[in-house]
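With the hints as your guide, set chain W onto chain Y.
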Amino acid sequence: MAIPSTSERRWWMRARYELVTLLAFAVREYRIWQSYRVNQLMWLANIFVTSLLFFLMGRMVKGQASHLMGAAYGTNYMSFIVVGVAVNVFLYTNLADPYTRIARSYFNGTMDLYLLSPMSIFTPLLGLMTKSLLDDYPRLFIVGAFGAFLFGATFRFNHALLALGFTVLLLAAAFGIGMLSASSFYLWNIKRGTEPVRFVVQQLMATLLAGTYYPVTVLPRPLRWAASLIPHTYAFDALRRLMDPGAHLGVRVLPLQEVLPWSPLAVDGAALGVMTLILVPLGLYAYGRGIEKARREGSLTRWQ
Amino acid sequence: MPVDSMIELQNVTKVYPGRMPSFRGTKLEMQGPALWIRNAWQAIRPTAATTPAVAALSECTLSVGRGEIFGILGQNGSGKTTLIKILAGLIRPSAGTGQVAGVPLGETAHIRRLVSYVSTTGWMGLEWALTAEENLLFFARLSGLKEGVAKMRTDDALMALDLFNDRKKLVSALSNGMRQRVIMARALLWRTPVVLLDEPLVGLDPHHRQALLKLIEKLAQERGQTVVVADHDAKAVASLAHRVLVLSHGRVSQMGTVAEIVHSLGDRRVMEVVTRGAFDPEREMPGVVTHVECRSIPGPLAETRWQVVLGGDDSRALMEVIGWLERQGLTILELTERAPSLEDILGEKSMSPKGRVTA
Chain Y
1 MAIPSTSERR WWMRARYELV TLLAFAVREY RIWQSYRVNQ LMWLANIFVT SLLFFLMGRM
61 VKGQASHLMG AAYGTNYMSF IVVGVAVNVF LYTNLADPYT RIARSYFNGT MDLYLLSPMS
121 IFTPLLGLMT KSLLDDYPRL FIVGAFGAFL FGATFRFNHA LLALGFTVLL LAAAFGIGML
181 SASSFYLWNI KRGTEPVRFV VQQLMATLLA GTYYPVTVLP RPLRWAASLI PHTYAFDALR
241 RLMDPGAHLG VRVLPLQEVL PWSPLAVDGA ALGVMTLILV PLGLYAYGRG IEKARREGSL
301 TRWQ
Chain W
1001 MPVDSMIELQ NVTKVYPGRM PSFRGTKLEM QGPALWIRNA WQAIRPTAAT TPAVAALSEC
1061 TLSVGRGEIF GILGQNGSGK TTLIKILAGL IRPSAGTGQV AGVPLGETAH IRRLVSYVST
1121 TGWMGLEWAL TAEENLLFFA RLSGLKEGVA KMRTDDALMA LDLFNDRKKL VSALSNGMRQ
1181 RVIMARALLW RTPVVLLDEP LVGLDPHHRQ ALLKLIEKLA QERGQTVVVA DHDAKAVASL
1241 AHRVLVLSHG RVSQMGTVAE IVHSLGDRRV MEVVTRGAFD PEREMPGVVT HVECRSIPGP
1301 LAETRWQVVL GGDDSRALME VIGWLERQGL TILELTERAP SLEDILGEKS MSPKGRVTA
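As they're listed, the protein sequences go chains Y and W.
If you count the first sequence from 1, position 218 lands on 218 in this note's numbering, and the numbers rise without skipping.
Each number in this note's numbering comes from the position in the second sequence (counting from 1) with 1000 added on.
Isolated chain Y (complex conformation) (with noise of 0.2 Å):
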């Protein structure tokens, strides 16, 4: 009996097909992940050792820190540098990840086996994801509880709902730049080494000038306007604002909430929502042309 294809199945049944194919992904990384009880051991103290280091400099930099943070993000330092490192794990998720799946499925030759199966070409790639769910994401709370019961951290969540709003958008955009760099194994075959699209949103960008550590108002002008090109500078101002407690919503900071005539909230939000529009389609597009020309060559698997 031969699988119905894709125009024969109506869309509700494709779609079922899809979220059934995305749970089977999610319950064998579940069980692959489950498996390595060392690792889940070395992940907590990975946390650990990580967050530490960055409170205990937070610390010790605190009270010069909360005279340059300005107006905007009220005057807890620890918060600020709360949400910094949560968001940023996060963000390396869904920046990082596909590409790195992508490389798994390669090598270990399972992408001929995916792209065989009537799934999405999307689908393997967002199913092999969820091991980073399980795996990165519960960072956050681990983090934030971190911060808030050792080192002083404390929110306010009267704008939650927007708060999660722009967590969305932020998670979308870096899924599109995540996606643009999968799609770079196989569309300018960077195989080995150091992905580029990666290399510079996140190790370079968004570490030196997205305001992780520190506000963006401490770098010097056309930087904050490099600043001002990646998604992460605009979700970190937004959700400082909202969460930090004696933050401003009205001081304008970034570049482009000078130049708009809107609210510093606004313009995060239209900025994300640009960029999630332009690099989801973008990174989608790029990805599915890369696996055509895999195929094309006879390049989607290393074994031959």
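These aren't lab readings, by the way, just hints derived from the structure by calculation.
None of these values were measured; they are calculated from a predicted model.
Do not rely on the hints blindly, as some may be mistaken.
Once the Cα atoms are required to be at most 25 Å apart in a straight line, the calculated SDA-like pairs of lysine to any residue come out as [stated by the list, open to error]: (1) W:1151 / Y:30; (2) Y:191 / W:1054; (3) Y:191 / W:1018; (4) Y:293 / W:1016; (5) W:1151 / Y:130; (6) Y:293 / W:1059; (7) W:1169 / Y:37; (8) Y:293 / W:1054; (9) Y:191 / W:1015; (10) W:1146 / Y:13; (11) W:1168 / Y:31; (12) W:1168 / Y:35; (13) W:1146 / Y:22; (14) W:1151 / Y:13.
Relative to the frame of chain Y, chain W by itself:
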């Protein structure tokens, strides 16, 4: 050509593109300041390392019928896997046309619903941290089977491959042959009209090899599935396949039933000779010899094994070869004569036109 054709290819060619000068291969992951400086220089100029394009398959034309077992034989790099992957829709051909189960080759999204593909190369697509059963269930779910059906098919497949008692073992704890059978079990999950098996016999012990051959026969006979098997094992494929395709350097060298192929060789004979000593086989080669191959036998006795293909079934030809070897000062220790087999054809050298010599 089969009446009810499930696979048809017309002049299908696949050329893998070569590597052009690019920024690849600059090894940016290397460490140390000296290497950084060197790599920084390399990163700003294209690497000179280029590779030419490879013609993996050239003008392949074939037709496979419904329920037929079709064998593909060839040496490493002869184009077997490329052909199988083209049929599976995993590789697009550079030229030529064709269809699989009535679907044109270009419609890969549709083709993948009509073929089961099993490859035993690489890591075989198994997750080693999961059990054999979990691995199979996962692929059953990917194919869109409901949970109950997926479980039933998984159990059936495990039983068919004598793995049911080992189903709860982690793949990492299984032997190579058992892993191979888990891979094969995957092909049984999907009842697709076409089953493509790439080197399914590698690493199996004789018992399981025989069982697998029977299972493949069953797929064609009982389920009416068309099975394409690519393997090195000419004997096994010959015992199983209704027809065989022999690929050589990407080209169709022979195609037909085993009897037809062997018959097409006419009255050629193969002589297997063991001698003491050796010489350049091209020297004074008699006209009746179409091909000669020699290999020294390891050990202190300086013995050499010869395979000599004779162009005719003439007893004088045999004497001529014996005389030729003796004139070179060799002592003949063993001599057997036989009809050419499919394995000789797979070797290709022995059945190619006169004059090719391999030492």
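Here's how the hints hold up against the structure:
1. Restraint check for residue 1151 of chain W and residue 30 of chain Y: the C-alpha separation of about 19 Å stays at or below 25 Å, so the hint holds.
2. As the CA atoms of residue 191 of chain Y and residue 1054 of chain W are separated by approximately 20 Å, the hinted pair is consistent with the 25 Å bound.
3. A hinted pair counts as satisfied when its Cα atoms are at most 25 Å apart, and residue 191 of chain Y with residue 1018 of chain W qualifies at roughly 16 Å.
4. The suggested pairing of residue 293 of chain Y with residue 1016 of chain W holds, with an alpha-carbon distance near 12 Å, which does not exceed 25 Å.
5. Among the hinted pairs, residue 1151 of chain W with residue 130 of chain Y is consistent with the structure: their alpha-carbon atoms are about 23 Å apart, no more than 25 Å.
6. For the hint linking residue 293 of chain Y to residue 1059 of chain W, the alpha-carbon distance of about 22 Å falls within 25 Å, and the restraint holds.
7. Between residue 1169 of chain W and residue 37 of chain Y the alpha-carbon distance is near 18 Å, which keeps this suggested pair within the 25 Å criterion.
8. With a CA separation close to 17 Å, the supplied pair residue 293 of chain Y and residue 1054 of chain W stays within the 25 Å bound.
9. Of the pairs offered as hints, the one joining residue 191 of chain Y and residue 1015 of chain W holds, with about 21 Å between alpha carbons and a cut-off of 25 Å not exceeded.
10. Taken as a hint, the residue 1146 of chain W and residue 13 of chain Y pair is honoured in the structure, with Cα atoms around 13 Å apart against an allowance of 25 Å.
11. Restraint check: the Cα-Cα separation between residue 1168 of chain W and residue 31 of chain Y comes to about 14 Å, which is no more than 25 Å; the hinted pair holds.
12. A distance of roughly 14 Å separates the Cα atoms of residue 1168 of chain W and residue 35 of chain Y; the hinted pair therefore holds under the 25 Å criterion.
13. Distance check on the hinted pair: residue 1146 of chain W and residue 22 of chain Y sit about 14 Å apart at the alpha-carbon level, within 25 Å; holds.
14. Proximity of residue 1151 of chain W to residue 13 of chain Y is assessed by CA-CA distance (about 21 Å); at most 25 Å being required, the pair is judged to hold.
The structure shown violates none of the earlier numbered hints.
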